[in-house]
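Asks: Sequence:
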Amino acid sequence: MPKKPIRYATEATENFFDVRDPQNAHKTRIVVDFFKAYAAILLRNAPLINYVDPFAGRGYYDRCAVEPSRTGPIPATPLEILSAIDTPQFAPRTVTWFNEGDPDHFRDLRAAIERHPAVPRLVHKPKVTNSDVNERITQFFANRVNEPTFMFVDPYGYRGLTRHLIAAVLKDWGCDVAFFFNYRRVNMAVGHGLFDQHLSAIFGEERLDQLREDLKSIEDPDDREDLILHNLREALLDVGGQYFLKYRFRTSEGSTSHHLIFTSKKRRGFLTMKEKMSQHSWKDPIDEISYFEFVPQPKRALTLFEPQVILPPRNWNYSVKSLANELSRCFRGRKVTLEYLYAGHNDDLPYDLKHYRAALWELSDRGLAKLTRADGRSPRRGQCPDGTTIQL
Numbered sequence: 001m002p003k004k005p006i007r008y009a010t011e012a013t014e015n016f017f018d019v020r021d022p023q024n025a026h027k028t029r030i031v032v033d034f035f036k037a038y039a040a041i042l043l044r045n046a047p048l049i050n051y052v053d054p055f056a057g058r059g060y061y062d063r064c065a066v067e068p069s070r071t072g073p074i075p076a077t078p079l080e081i082l083s084a085i086d087t088p089q090f091a092p093r094t095v096t097w098f099n100e101g102d103p104d105h106f107r108d109l110r111a112a113i114e115r116h117p118a119v120p121r122l123v124h125k126p127k128v129t130n131s132d133v134n135e136r137i138t139q140f141f142a143n144r145v146n147e148p149t150f151m152f153v154d155p156y157g158y159r160g161l162t163r164h165l166i167a168a169v170l171k172d173w174g175c176d177v178a179f180f181f182n183y184r185r186v187n188m189a190v191g192h193g194l195f196d197q198h199l200s201a202i203f204g205e206e207r208l209d210q211l212r213e214d215l216k217s218i219e220d221p222d223d224r225e226d227l228i229l230h231n232l233r234e235a236l237l238d239v240g241g242q243y244f245l246k247y248r249f250r251t252s253e254g255s256t257s258h259h260l261i262f263t264s265k266k267r268r269g270f271l272t273m274k275e276k277m278s279q280h281s282w283k284d285p286i287d288e289i290s291y292f293e294f295v296p297q298p299k300r301a302l303t304l305f306e307p308q309v310i311l312p313p314r315n316w317n318y319s320v321k322s323l324a325n326e327l328s329r330c331f332r333g334r335k336v337t338l339e340y341l342y343a344g345h346n347d348d349l350p351y352d353l354k355h356y357r358a359a360l361w362e363l364s365d366r367g368l369a370k371l372t373r374a375d376g377r378s379p380r381r382g383q384c385p386d387g388t389t390i391q392l
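With the numbering used here, letter number 139 in the sequence shown gets 139, and the count goes up by one each step, no holes.
Some hints could be false.
[As the list claims (entries may be wrong)] Distance condition first, Cα-Cα at most 25 Å in a straight line; then the derived SDA-like pairs of lysine to any residue:
(1) Lys127 - Ala189
(2) Lys354 - Ile286
(3) Lys36 - Pro22
(4) Lys171 - Ser131
(5) Lys265 - Leu229
(6) Lys127 - Leu229
(7) Lys370 - Leu392
(8) Lys127 - Arg107
(9) Lys283 - Asn325
(10) Lys125 - Lys246
(11) Lys283 - Ser322
(12) Lys265 - Arg44
(13) Lys266 - Ile137
(14) Lys266 - Glu339
(15) Lys321 - Lys265
(16) Lys246 - His198
(17) Lys171 - Arg207
(18) Lys265 - Phe140
[Said to hold, decoys possible] Here are the in silico distance ranges between beta carbons for each label pair:
(19) Pro385 - Gln197: 48 to 56 Å
(20) Val123 - Trp173: 39 to 47 Å
(21) Lys36 - Glu205: 37 to 45 Å
If you are wondering where the hints come from, they were derived from the structure by calculation, not from laboratory data.
All of these numbers come straight from a predicted model, not from anything done at the bench.
We put the CB at the ideal spot given by N, CA and C, even for glycine.
Make the full structure from the sequences, and use the hints.
Replies: Okay, here's the thing in structure tokens:
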């Protein structure tokens, strides 16, 4: 029996592009900033780079929630990407492909792209298509050697997001994938216990069955979220996503709505996205460690005397002091470099390089670490230049 095509326009999505909310604006900033940094790195060794958006949507919003007086069109991710590549460095060497399955949104998208001022300066004109995201598109990437490609997958809900599509892109050099994971919808669907081919396409059928079984004994919503994301990470690892990042989007009341997920085979892409996510994150007020999440402000206007609301994540146990203690415990008796510490210790932690420098100097003050520059002298306080060795 042939599979039904994925349809996009529903009562929930018809008005999606009326107003750009803070969450969508924030998501776009992270994706665009990453792509600019990613392209600058890979174009040193590659003649071309691709940006692919299989669920591009309409391309713009009519109004802006943060600035109600601002009138549309308010650019969405596709138009912001075109603006970002409108430079002498990127315009001759960037190939873009925007796909949208809904015919009405596709027509709006195509018209918006044709009107974009960057298009005449692009050597490779944007490819704009009206197709369902199905096995045919997956096979297009699977059956060819892809140039360096960044794919951003942002579906309505979670239909069309599959491990096979991600694997087809990830398999080649310089190819990374980010996707907007609708945690609220996935969490509800996992709890229903009914067969769902779209959930199976994300997690794998066996893993999904086991996940549902494991969730039966979990009542705490935070523990439930952790388990679902752990299984998502394992599913991506199975198809080549060695590195994994998650960036949480919460409602102003604190509940999780989405995660921006990034996966890559290479550490360089992982570190680049981690830097961009960190730059666009709330931070703890003491050590400026990124929470890797975004919480919009309440819709009502704050009074002059009300502070900006920043909800800290649950179980926040990260600090420079705790990092220093962990480094002392893990690397005691060894002589290492800062680069070695960061590469071998940092993947699942929210710390930046500056936090490692601060932690090493705290250990130095406590007599638990000795820092020595390549020329044999001690580095200036607070610094740890390349080539510095640390004896713990």
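Asks: So if I understand the rule, the pair passes when the alpha-carbon distance is 25 Å or less; does lysine 36 with proline 22 pass?
Replies: holds, 21 Å
Asks: Take the C-alpha atoms of lysine 171 and serine 131, compute the straight-line distance between them, and say whether it is at most 25 Å.
Replies: holds, 23 Å
Asks: How does the Cβ-Cβ distance of proline 385 and glutamine 197 compare with 48 to 56 Å: does it lie in that range?
Replies: The hinted range 48 to 56 Å holds for proline 385 and glutamine 197, with Cβ atoms some 54 Å apart.
Asks: Can you tell me whether the CB distance of lysine 36 to glutamate 205 sits inside 37 to 45 Å?
Replies: Given a distance of about 38 Å, which is inside 37 to 45 Å, the answer is holds.
Asks: Between lysine 266 and isoleucine 137, does the CA-CA distance stay at or below 25 Å?
Replies: Holds. Lysine 266 to isoleucine 137 sits at ~24 Å (cutoff 25 Å).
Asks: Decide if the proposed pair is consistent with the structure: lysine 321 and lysine 265, CA atoms, cutoff 25 Å inclusive.
Replies: violated, 31 Å
Asks: Within 25 Å, alpha carbon to alpha carbon, are lysine 171 and arginine 207?
Replies: holds, 22 Å
Asks: Does the structure keep lysine 283 and serine 322 at a Cα separation of 25 Å or less?
Replies: Holds, at about 16 Å.
Asks: What's the verdict on lysine 265 and leucine 229, does the C-alpha distance respect the 25 Å limit or exceed it?
Replies: holds, 18 Å
Asks: Between lysine 283 and asparagine 325, is the straight-line Cα distance small enough, at 25 Å or below?
Replies: Holds - the C-alpha atoms of asparagine 325 and lysine 283 are around 21 Å apart, at most 25 Å.
Asks: Against the 25 Å threshold, does the CA-CA distance of lysine 370 and leucine 392 hold or violate the hint?
Replies: Holds: lysine 370 and leucine 392 sit about 7 Å apart, inside 25 Å.
Asks: Looking only at beta-carbon atoms, does the pair valine 123, tryptophan 173 fall within the given range of 39 to 47 Å?
Replies: violated, 22 Å
Of the numbered hints given earlier, the model fails hints 1, 6, 10, 15 and 20; all others are met.
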